[in-house]
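S.K.: Using the sequences plus the hints, can you model the full thing?
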Amino acid sequence: MEKRVQVSPPLTRGPSAFIPENEVMQANGLDERTNLLVEEYSTSGRLDNITQVMSIHTQYLESFLRSQFYMLRMDGPLPLPYRHYIAIMAAARHQCSYLINMHVDEFLKTGGIAEWLNGLEYIPQRLKNLNEINKLLAHRPWLITKEHIQKLVKTGENNWSLPELVHAVVLLAHYHALASFVFGSGINPERDPDTSNGVRLIAVNNFCVCDLANDNNIENASLTSSNFGIADSLSELEALMERMKRLQEDKEDEEASQEEMDTRFEKEKKESLLVISGAFDDEIVSTDVSRYVEDPGFGYKDFARRGEDHLPTFRAQDYTWENHGFSLVNRLYSDIGHLLDEKFRMVYNLTYNTMATHEDVDTTTLRRALFNYVHCMYGIRYDDYDYGEVNQLLERSLKVYIKTVTCYPERTTKRMYDSYWRQFKHSEKVHVNLLLMEARMQAELLYALRAITRHLT
Amino acid sequence: MDENLLATAATNGVVVTWNLGKPSRNKQDQLFTEHKRTVNKVCFHPTEVYMLLSGSQDGYMKCFDLRKKDSVSTFSGQSESVRDVQFSIRDYFTFAATFENGNVQLWDIRRPDRYERMFTAHNGPVFCCDWHPEDRGWLATGGRDKMVKVWDMNTTRAKEIYCVQTIASVARVKWRPECKHHIATCSMMVDHNIYVWDVRRPFIPSAMFEEHKDVTTGIVWRHLHDPYFLLSGSKDSTLYQHIFKDASQPIDRANPEGLCYSLYGDLAFAAKESLISSDSNRKPYIGDRRHPIFFKRKLDPTEQFEYISSSSALSVFETDVESGSMDWFVHTAKQYALAGRPLAELCDHNAKVAKGLDRNQVAQTWTMLRIIYSSLGTVSSTNLNHSMGKGSTTLPLMNSFNLKDIPSGLGSESRLDRSKGESRTENILMDSSSTLINNEDNEETEGSDVPADYLLGDVEADEDDLYMMDHENPHAEEQEYSLPQEAFPLRHEIVDNPSALDHLQDKADSPHVSGNEAETVSLTPVESFSLISISHSLYENRLPSDFFNPIVRDTLLFYAEQGDVQTAVSVLIVLGDRIRKEIDEQTQEHWYTSYIDLLQRFQLWNISNEVIKLSTCRAINCLNQASTTLHINCSNCKRPMSNRGWICDRCRQCASMCAVCHHVVKGLFVWCQGCSHGGHLQHIMKWLETSSHCPAGCGHLCEYT
Chain V
1 MEKRVQVSPP
11 LTRGPSAFIP
21 ENEVMQANGL
31 DERTNLLVEE
41 YSTSGRLDNI
51 TQVMSIHTQY
61 LESFLRSQFY
71 MLRMDGPLPL
81 PYRHYIAIMA
91 AARHQCSYLI
101 NMHVDEFLKT
111 GGIAEWLNGL
121 EYIPQRLKNL
131 NEINKLLAHR
141 PWLITKEHIQ
151 KLVKTGENNW
161 SLPELVHAVV
171 LLAHYHALAS
181 FVFGSGINPE
191 RDPDTSNGVR
201 LIAVNNFCVC
211 DLANDNNIEN
221 ASLTSSNFGI
231 ADSLSELEAL
241 MERMKRLQED
251 KEDEEASQEE
261 MDTRFEKEKK
271 ESLLVISGAF
281 DDEIVSTDVS
291 RYVEDPGFGY
301 KDFARRGEDH
311 LPTFRAQDYT
321 WENHGFSLVN
331 RLYSDIGHLL
341 DEKFRMVYNL
351 TYNTMATHED
361 VDTTTLRRAL
371 FNYVHCMYGI
381 RYDDYDYGEV
391 NQLLERSLKV
401 YIKTVTCYPE
411 RTTKRMYDSY
421 WRQFKHSEKV
431 HVNLLLMEAR
441 MQAELLYALR
451 AITRHLT
Chain Y
1 MDENLLATAA
11 TNGVVVTWNL
21 GKPSRNKQDQ
31 LFTEHKRTVN
41 KVCFHPTEVY
51 MLLSGSQDGY
61 MKCFDLRKKD
71 SVSTFSGQSE
81 SVRDVQFSIR
91 DYFTFAATFE
101 NGNVQLWDIR
111 RPDRYERMFT
121 AHNGPVFCCD
131 WHPEDRGWLA
141 TGGRDKMVKV
151 WDMNTTRAKE
161 IYCVQTIASV
171 ARVKWRPECK
181 HHIATCSMMV
191 DHNIYVWDVR
201 RPFIPSAMFE
211 EHKDVTTGIV
221 WRHLHDPYFL
231 LSGSKDSTLY
241 QHIFKDASQP
251 IDRANPEGLC
261 YSLYGDLAFA
271 AKESLISSDS
281 NRKPYIGDRR
291 HPIFFKRKLD
301 PTEQFEYISS
311 SSALSVFETD
321 VESGSMDWFV
331 HTAKQYALAG
341 RPLAELCDHN
351 AKVAKGLDRN
361 QVAQTWTMLR
371 IIYSSLGTVS
381 STNLNHSMGK
391 GSTTLPLMNS
401 FNLKDIPSGL
411 GSESRLDRSK
421 GESRTENILM
431 DSSSTLINNE
441 DNEETEGSDV
451 PADYLLGDVE
461 ADEDDLYMMD
471 HENPHAEEQE
481 YSLPQEAFPL
491 RHEIVDNPSA
501 LDHLQDKADS
511 PHVSGNEAET
521 VSLTPVESFS
531 LISISHSLYE
541 NRLPSDFFNP
551 IVRDTLLFYA
561 EQGDVQTAVS
571 VLIVLGDRIR
581 KEIDEQTQEH
591 WYTSYIDLLQ
601 RFQLWNISNE
611 VIKLSTCRAI
621 NCLNQASTTL
631 HINCSNCKRP
641 MSNRGWICDR
651 CRQCASMCAV
661 CHHVVKGLFV
671 WCQGCSHGGH
681 LQHIMKWLET
691 SSHCPAGCGH
701 LCEYT
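Chain order of the listed sequences is V and Y.
Heads up: the first sequence at position 262 corresponds to 262 in the UniProt record's numbering, and the numbers run straight through without jumps.
Heads up: the second sequence at position 634 corresponds to 634 in the UniProt record's numbering, and the numbers run straight through without jumps.
Keep in mind that the hints are not guaranteed to be accurate.
[As the list claims (entries may be wrong)] Restraint-style ranges between C-beta atoms, simulated for each label pair: (1) K22/Y / T357/V: 52 to 62 Å; (2) T217/Y / M241/V: 37 to 47 Å; (3) E21/V / E689/Y: 44 to 54 Å; (4) D418/V / Q586/Y: 57 to 67 Å; (5) L6/Y / Y348/V: 31 to 41 Å; (6) L239/Y / R243/V: 39 to 49 Å; (7) N35/V / S691/Y: 35 to 45 Å; (8) T364/V / G697/Y: 53 to 63 Å.
Just so you know, the hints here were simulated from the structure itself, not pulled from any lab data.
Ideal Cβ positions, reconstructed from N, Cα and C, are used throughout, including at glycine.
M.R.: Structural data, given as structure tokens:
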């Protein structure tokens, strides 16, 4: 009966529904890239679509794979099946069945108890306790307090040790962020022969293909209004470059006062409120996914909600990744700090000095704007950043995309993906996705690690 | 120097100077907004009042002249964030800058175009540095990698002369004035204490201030020439002035003596030198060869401050080879069979092994186990007889002497003395058995106690049997129903030897009958045993089939308690599910880990692996799944191969060529550990079937097993 459901064929045969296959496959530095892919294939025995899409950015892919490999397969505080189950729980928060399927297989392969896959009621209480923090991390990380940590680690039958908890938190953050990437880049389901029969494939297609490619008939006001022609977008690109140049050159000209900077951050924060990606009342969550989710109604609520201003801004300098986050993570789960550090550094510094058709462009400001804008939506503020830049550099359709991908990745559509930066190459858009993903992961980690630090002191 | 001048750096990139001498409420003096990112550090020139240096996240260092509005010069660190800048105290023009990527650069203030020197000091960001106030070449750096390093900059290449490992990333370092080797540190995370180290003694801080409740953010010695006052600020919103004599000295709390046993019974002992020397006139133990004493590095006694002697002496005592020999352990480990055969065979085999090593008690245990758990009733009576009768010199037997040979006058006191340790436990066992018997006896014949019963038999003639029975007693209480079986065939050829299986069935079906049967059987051989036998058979009536589990458990616990985890673990593995549930997981895990640890110390890797594999504990099983990475080096350039298994990145050569077919091997690669040649598994197998030499022609005699 289930098998009769007609599944619309994927639009593209490649790894991504958004990006034409040949775009993924043609790349610069082909040799190095092939080597990397061969290596990945030989270690993991597969080459999933994520890897293929990411391989556009070979340098990054390497550090991504290394850290992912470390947290999933190398020595660590958590047993292997636990790690995959946590990945499933994390991905389920965003209904990312692509990741879920992948880790269901891995979970079983590493000797996980098949019964757990029936849903959250079947797992040990210890894992169940992780639900709360998973939920918060995924949607509103700023709500995590040291009480949450205390509850998890306080001695008892189902307590978590700190290293285990840190491992779990790293996994959760990684998979939340990866879900953003999967939806943001429209990763297609794997064409794995053994998953292609039966219910699972249907579920997969329901999500990754129908939802994304068919665009789900969303009429989005902000999107429809932004139907520029090609000519428009060309001038748009020129304008963007012009603004970037101006920002870089005469920054000192207009020195804003501290108060002015404060208001700019607040404004940006508030403005992110207005960026809404359409109403999704009719969210159909397949049972395949929902059984891993507790309290599915819990979603991202804007950090800066009008009327409730009591949430304190996270001042980035008080708890930075480089100084504090790293030290804590590395202390409790050795070596992951270095891998994550390298990954963050890599993604932040990655550039080819190109923008669309232009070469030799310094994209630092743009990258920084993207990174900081994501943090801004999570309420993290950099004292040394002028949030006016965000407004100048990031156009509205891009903001919509960013917000959707980081906060509600499951609602991303191809139209959103297409509507911003029309002149830019796909590889550049993937680069954007990488930035968003890592910024999000770092934001989640910072909140979680800060709570752990507070618990410790 | 101007006492009223203060400079601050802000997270938004502003450098502000304040003049406390200003009459107005606003003390702000100058404002520099040249940095684009957070400014991490500002530093005044030690002699020039108006010269201020700043280092920022944006990768630039700027030198300001406070008399001017703008910076005088800008130094670029090539877009790496600057974490600390420090003017050299002695060298007028030099300053050091530390970077987030682990580098330290030395600059000449007159040359903003290029740094003078650069070296990598740490893995990860270098958070701080400090020039030594006296020794002009010394620079201390502290990093996220939890190290404090002291560099000698006098040589052309910066040389690391001291290294102190702390427990958290180092946020600040400050040399202690007037103390050449002392340095104070505080950390950025987790650890709130301030430590003062003697860099020559890097393993234990010489002083420690524990006042702060949150992370210490800054430390400074109060006066340039006063080593006793330290100021510190912290995130807990307090500012402390520490007086040095208040500091706690971890050395006082540290254990100054170390003692360790080696595998082979050698003993190493380290203690303060003074203790050792006073001790040396004492007579060493007989049989111990005393080794020369090794001295650790002696410190410079001219040191003027709180010099704490850190020299200690290490002595090694060797015990003679005989007494401490652990050969039996190794042999047993090697010869025990733990799986792969029926239980009975395993037990027999292991019993034989134990007996072969003169460990009769263990051998007995194995035999018992076999009888208890293997339901086949074919007890090889000869074997039993053998094992028990012969072991007249072993401890259990001596104990049986101990208990009841007093009347018979077969004293073996000398031996008893030697086996004091064991006799204790044996006695306990005996006691328990006798109480057990006594209890049951109450029903049958009142008041008859065990020794008396024994005396009924003809002690002289049946010595062997008596001992044997008696020796059984420790286990007798464990194996009531088996006792008749194994005991009686010894002397008489009993026609009707009830098999254990029958017994069990009998028990289940008609307890009465079986009771009778056992009774009759047991009564036949020797009268003296009858009481015990009867009581056993009575007991038997009510027994569930796995009644013995608690007793076997006690046996295992007993062995483990004795320090013989080998037996405990081996039995555990052999019995598997039969006994597993009886013993709680943690104890099992504990035994396993101790046994595995022992095996590994004796380098019995294969056996330890087998044990890990056979163990049913999850925690133990996991051991084999961890650390499964295999690191390989390129066969050409001997460098580690990072990426692929078959092509070396450095020398661009295929590293793993098959020595037989000369193709690259992808997939299963087998190689000789002797000459490191190898190739396709199939090819090598085939080759070595016909030839014993290495296919590469190196002349090595490869083995393939």
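S.K.: If a hint holds in the structure, say so; if it doesn't, say that too.
M.R.: Do the hints match the structure? See the list:
1. K22/Y / T357/V: 52 to 62 Å: holds (57 Å)
2. T217/Y / M241/V: 37 to 47 Å: holds (42 Å)
3. E21/V / E689/Y: 44 to 54 Å: Given range 44 to 54 Å: holds, Cβ gap about 49 Å.
4. D418/V / Q586/Y: 57 to 67 Å: holds (59 Å)
5. L6/Y / Y348/V: 31 to 41 Å: holds (34 Å)
6. L239/Y / R243/V: 39 to 49 Å: holds (46 Å)
7. N35/V / S691/Y: 35 to 45 Å: Since the Cβ atoms of N35/V and S691/Y sit about 36 Å apart, the hinted range of 35 to 45 Å holds.
8. T364/V / G697/Y: 53 to 63 Å: 58 Å Cβ-Cβ, so the 53 to 63 Å window holds.
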